[in-house]
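**Q** Single-letter residue listing:
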Amino acid sequence: MRWIAIHLPQLPLEVFLRGTPAPEPFAVADSRGFIIACDRKAALRGIVRGMAAPAALALAARLVVRPRDPAAETEAVLGVAAWAAQFTPAVSIALPDGVLLDVEGSLQLFGGMGNIIAALQSGLADMGFSATLAVAPTPLAAAWSALVAVSTPAASATPVTAAGAASARATGKPPLECERRRVGGPHGAIPAAVHALEPPQLEAVVAALPLVVLQGTPGIDADALEALRGLGIATLGQVQALPRDGVARRFGQLLLDTLDRSCGRLPDPRTPFRLPERFHAGIELPFEVTQAEALLFAARRLLVQLAGFLAARASGVQRIAVRLIHRDAVTEVPIGMVAPSRDSAHFALLLRERLASLANSASLREPVRSITVSAGDIVPLAGERLGLFADDAVDAIAPGSWEKLIERLRARLGTQAVLGLAAADEHRPERASISAEPDTGQPRPSQLSLRLPQEALPPGERPFWLLEEPRPLRELASVPHHEGPLELLAGPERIETGWWDAGEIARDYFVARSPERSLLWIYRERKALDAEAGWYLHGIFA
Amino acid sequence: MREIQLKAPPAGRGIPRHPALWRGGELARMAQPGVASGFAELDAALPGGGWPVAALTELMPAHEGIGELRLLGGALAALARKGQHLAWIAPPHLPYAPALAAAGIRLGQLLVVRTKTVQETLWATEQALRSNACGAVLAWPAPGIDYTQLRRLQVAAEGSRALAFLFRPPAASQQASPAVLRLLLDTDRGGLAVTVAKRRGAPLTHPVLIPALGFRLPRVASATAAATPSPIITSPNTPHALDRHPPAAAAA
Chain A
1 MRWIAIHLPQ
11 LPLEVFLRGT
21 PAPEPFAVAD
31 SRGFIIACDR
41 KAALRGIVRG
51 MAAPAALALA
61 ARLVVRPRDP
71 AAETEAVLGV
81 AAWAAQFTPA
91 VSIALPDGVL
101 LDVEGSLQLF
111 GGMGNIIAAL
121 QSGLADMGFS
131 ATLAVAPTPL
141 AAAWSALVAV
151 STPAASATPV
161 TAAGAASARA
171 TGKPPLECER
181 RRVGGPHGAI
191 PAAVHALEPP
201 QLEAVVAALP
211 LVVLQGTPGI
221 DADALEALRG
231 LGIATLGQVQ
241 ALPRDGVARR
251 FGQLLLDTLD
261 RSCGRLPDPR
271 TPFRLPERFH
281 AGIELPFEVT
291 QAEALLFAAR
301 RLLVQLAGFL
311 AARASGVQRI
321 AVRLIHRDAV
331 TEVPIGMVAP
341 SRDSAHFALL
351 LRERLASLAN
361 SASLREPVRS
371 ITVSAGDIVP
381 LAGERLGLFA
391 DDAVDAIAPG
401 SWEKLIERLR
411 ARLGTQAVLG
421 LAAADEHRPE
431 RASISAEPDT
441 GQPRPSQLSL
451 RLPQEALPPG
461 ERPFWLLEEP
471 RPLRELASVP
481 HHEGPLELLA
491 GPERIETGWW
501 DAGEIARDYF
511 VARSPERSLL
521 WIYRERKALD
531 AEAGWYLHGI
541 FA
Chain B
1 MREIQLKAPP
11 AGRGIPRHPA
21 LWRGGELARM
31 AQPGVASGFA
41 ELDAALPGGG
51 WPVAALTELM
61 PAHEGIGELR
71 LLGGALAALA
81 RKGQHLAWIA
91 PPHLPYAPAL
101 AAAGIRLGQL
111 LVVRTKTVQE
121 TLWATEQALR
131 SNACGAVLAW
141 PAPGIDYTQL
151 RRLQVAAEGS
161 RALAFLFRPP
171 AASQQASPAV
181 LRLLLDTDRG
191 GLAVTVAKRR
201 GAPLTHPVLI
211 PALGFRLPRV
221 ASATAAATPS
231 PIITSPNTPH
241 ALDRHPPAAA
251 AA
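Chains as they are written, first to last, in the numbering used here: chain A, 1 to 542; chain B, 1 to 252.
Please keep in mind that the hints were generated in silico from the structure rather than gathered at the bench.
By construction, the Cβ of each residue, glycine as well, lies at the ideal position given by its N, Cα and C atoms.
Watch out, some of these pointers could steer you wrong.
Among the chain B residues that face chain A by a calculated CB cut under 7 Å, a handful are [unchecked claim]: (1) P98; (2) V113; (3) G201; (4) V208.
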């Protein structure tokens with residue numbers, strides 16, 4: 001079993017700041033008014049964890065202090081778990097700020113642990129979280145290692161968090177041998193300790209973990225930990241060195257069981273996280289934005305989350321509902337696609353075009369306070385099929401690029417501007433050509449005519465261009481004129497039809513040549529009313 | 001001043017043939033074969049034996065409707081048969097589906113884009129070329145685009161494997177353009193005279209005459225016209241039931 005633990009040390013801060021960078025120093029306070037997290041700007045002013053909010057305001061006059069939002073934190077953890085489910089189905093949550101993945105079965109598919117770790121790091125950075133990752137054979141060991149790897153004395157730019165300050169106090173030494181990789185969060189680089197613990201080394205590594213990792217474990221209360229500290233115990237190894245029956249009597253069997261589970265001596269089953277049926281996620285923007293680019297920045301975090309969720313379900317979406325919430329109003333930005341997709345870059349492109357067209361209208365004048373992305377209709381979408389032979393790849397169009405082109409054009413020009421064509425079973429020329437959906441050729445729902453099969457084409461030559469409205473032509477000496485006298489080349493072709501609805505026509509069609517030698521399709525209207533009788537230009541043979 | 005004529009040197013003398021050498025009188029050798037236009041006279045005059053792939057072609061008809069689209073019909077039908085998509089951007093009138101179907105263009109693979117401004121037209125053309133999803137892109141930009149915008153389209157076309165056709169007014173032939181092929185179209189003796197204003201390789205001094213564009217006249221002409229396509233004019237004085245005014249209108 002290989003467990004990867006994702007720990008989000010900056011979560012109270014990032015639920016506010018991952019959408020927009022903060023222009024002012026920002027800090028999060030708990031219910032009693034003490035600072036629990038602050039960003040880099042505030043840390044530079046000297047604000048540390050545990051300070052009272054008024055004291056912090058005295059240090060930085062423009063500090064923005066927000067109360068902690070546990071609901072948003074939980075939602076963020078669930079969102080990360082849903083995103084991480086694309087790597088393995090065995091995902092479980094370690095509240096308040098951790099996600100555990102068992103990737104033993106996925107190593108072959110992703111090509112090794114390194115690829116999975118790299119994908120996790122880049123994805124978490126794209127979503128706006130700074131995270132630490134750790135790998136171990138048991139979930140508890142992985143979770144504790146990730147917790148401890150947050151801050152080391154060597155990292156000077158690390159903002160202050162709860163676990164970090166505590167562990168720095170508990171152990172003065174840097175934690176375990178590990179290979180450091182930086183996960184660039186938006187609040188400064190945090191070294192991510194990633195190390196693979198082989199089972200023989202597991203005992204040694206767990207033994208070196210400080211006592212603070214047991215904080216928050218259900219069943220082990222703070223009094224027990226205080227008592228252990230009072231005994232002079234600082235690491236888990238020292239706890240394990242104590243006589244087992246004595247520890248069980250004084251601190252409870254649960255402590256021993258937890259330690260056994262972390263070393264693999266007892267099983268530690270975890271309930272798997274179930275993916276929700278629909279996707280809904282939101283980011284609150286504490287500093288209101290009006291620029292389309294800034295909104296796109298925040299929305300991109302959510303689109304990456306959506307793409308991961310869809311990959312976990314092996315599905316795609318055809319409609320995404322993006323909502324911009326202002327103070328008193330809500331702006332809906334729907335994004336529709338011709339074919340289902342789960343490409344977050346494509347979603348972001350379409351959203352950018354929509355926001356650009358919205359920015360010209362009045363909807364974005366009001367500042368946006370939060371942005372939500374939801375997708376309800378999830379359809380199964382298989383992966384791409386690759387060709388076996390090299391020359392297939394050269395000539396073939398990338399699958400889905402035609403649909404993506406249509407979606408991109410529609411996002412900017414509007415759905416009505418990008419259409420296909422279909423021929424209808426109609427003798428009336430203006431109704432024989434109807435607009436349809438481009439790829440399937442199905443007529444749009446507003447058209448009632450049937451589609452004409454390719455073989456049954458009208459007799460007689462038809463022009464490539466049809467004018468939208470037939471243009472009346474002057475008639476001089478019984479010869480129609482259009483930039484000069486027209487010479488009739490062929491005809492007449494009489495079309496009299498349409499008596500069953502209001503569009504009755506009775507026309508004689510001719511092919512005519514104009515003085516500039518262009519070929520035109522004209523007709524003579526044979527209706528009785530004077531205003532309509534006469535020659536009209538209907539098409540151009542290009 | 002005496003005309004200087006380029007002649008190939010007699011065989012066996014002069015510089016021997018070599019693929020890396022280009023003689024002054026010959027057409028450029030293209031890396032990719034062009035898409036055949038279906039008209040032998042035109043293919044012989046185009047480098048690559050057809051329309052250039054992954055490059056911009058400008059067509060400048062003297063008037064609308066002299067056959068500029070029928071010139072492309074063969075190539076477009078061949079592309080549609082191979083399953084490639086076509087995009088028409090900002091066409092001046094409605095494309096007529098039965099005529100396109102009769103020319104062999106599969107309607108399901110055609111996309112018609114209507115734009116409101118010239119910026120939208122250029123953007124849509126660039127997107128269609130860059131997406132590499134189309135076999136051919138035809139665009140009718142408004143007159144007045146400049147060299148930089150054309151250069152952008154040319155660069156976008158080079159990155160794809162599509163045929164790119166721009167339809168421009170004949171006055172545009174006076175401007176410089178980065179397109180690799182520029183054709184001026186005019187009618188001549190019932191056929192089409194194609195003046196190759198610019199092509200890769202040696203310039204062509206005389207226009208290419210394409211006698212017939214494959215335009216067949218309708219067979220529903222009356223019996224007297226069956227022999228020759230002589231003009232048939234139905235005189236407005238011919239009595240026809242629908243021509244008679246209804247008595248009610250005269251009385252009112």
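**Q** Could you tell me which of the hints above the structure violates, numbers in ascending order?
**A** Failing hints, ascending: 3, 4.
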